[in-house]
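If you want the building blocks of each chain, they are given just below.
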Amino acid sequence: MSQMYFTEDHEWLSVEGETAIVGITDYAQQQLGDVVFIELPDEGKDLVQGGQAAVVESVKAASEVYSPVSGTVTAVNADLEGAPALVNEDAMGAGWFFAVAMIDPTELDNLMDQDGYDAFVAGLE
Amino acid sequence: MTADPALKTTPLDALHRELGARMVPFAGYAMPVQYPAGILAEHAACRTACALFDVSHMGQAYLHGDEAAAVLEGLTPGSLRDLKPGRQRYTVLTNEAGGILDDLMVVNCDGHKMFLVVNAGCKDADFALIKAAAGARARLEVLPERALLALQGPKAAAVMAHFAPAATSMVFMDAGPLTVGGIPCFVTRSGYSGEDGFEISVAAAQAENLARHFLEMPDCTPAGLGARDSLRLEAGLPLYGNDIDATTSPVEANLAFAIGKRRRTEGGFPGAARILAELENGVSRLRVGIKPDGRAPARAHTEVQDTTGRTIGEVTSGGFGPTVDGPVAMGYVEPAFSEPGTPVVLMVRSKPLAAHVVALPFVEQRYHRG
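Respectively, the protein sequence lines represent chains A and B.
Sequential numbering from 1 applies to the first sequence in my numbering.
Sequential numbering from 126 applies to the second sequence in my numbering.
Read the hints as simulated data drawn from the structure, not as lab findings.
Incorrect hints may have been included.
Result set (SDA-like, lysine to any residue): computed pairs, CA atoms no more than 20 Å apart in a straight line [stated by the list, open to error]:
1) A/Lys45 <-> B/Lys416
2) B/Lys476 <-> A/Gly51
3) B/Lys476 <-> A/Gly44
4) B/Lys416 <-> A/Ala62
Chain A with its partners taken away, still in its complex shape (with noise of 0.2 Å):
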């Protein structure tokens, strides 16, 4: 059973024993508007919490997402490349990111659960 997580930075993270996978949350999407273009991490890759690991182009700008936790990439999506309205469509879903082989699980006790992120997407609106 995986567990979920989220980011001031409108990140999500689904964390299965030490794999995480990552996306941007269903709020950042519709703030982003069309999605056009994502730059991903090369696999195996190392990522540190908080440093860039993706870029999101929508039709007006580029945004950065950050890695929600430390590791290694393990996989990518693939299918981004060609479909990169998928992050518009199912965010929090066919629309994933990346997968990182997490080093550091405490690094989670940083995160929001769904209550908090939603808590906290509602202090913004």
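Given chain A, put chain B in place with the hints provided.
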């Protein structure tokens, strides 16, 4: 978004919010960047049917008097004294250094007054400049109580004809008073999307009524500044403040078409020394289209290099072209690299991306030239 009291609003503000627009600050105004359909859909609507834009933030004015065109010729390199009544022309205000203070549209209304549309961010400075230049020879009447709507796209003429049948006899850059759906307007057959269309100046109090008329037509979709930007970029049209500014000359900006034939021999406009010399001897940089080879967009301020890694210019506008279905950009490069087909390198997030210089526009302009 709740209204920011520091921002000015256009007469269509309530309508934008009713339509679910995302409002953003632009040139001191709260403006719709997109509606719920999104920029891609709004862009497509303009290329395939008809889109309605609120461009009421732009500055409108009349310059009254038989000397109005002569006054404007003292500020621009355009041949405006030759502009026939009922015709519109694109021109630029230049400074003494030959840079562009603003780009604007000028209509000769009837030989006795000119109608001007200038950029929102420049309007106060433009109008002060024109007023000072006019002195007692012409009288500037700024029109803050007028809205400006842009109806653009291949079906704009059909939409317009529903409310003003006479509009169909206008050709590109025709201008004149027209009653639209019973509302007195001043209409030009022009725009900034690369498509056929109209810009409609209307009293603020009637603007929402007029906009609702247009939006009742099934082919007409509201579109925001986001689509306006991607449309004009694909059409190769410069955006003041991004692609042209007080340091870029009209020759460098590839706007030499706006320098009138007579003015090239006569001069008599600010910066004529530089501009005429550039026409004669060439420039050190030129605005060109740049097409990234891959899918990644290159945004404004991206460094342009030659294939050896030497810096040869900079992107001034860049993004995703929905009709092109890929990234598009424009920027300045050294003239030796301005030939379409020339390979260049764009430094995007410190990574070199292959690109080519291309002829503008990216999407063929489809004006109704009659």
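Hint numbers not upheld by this structure, sorted from lowest to highest
Number 1 only.
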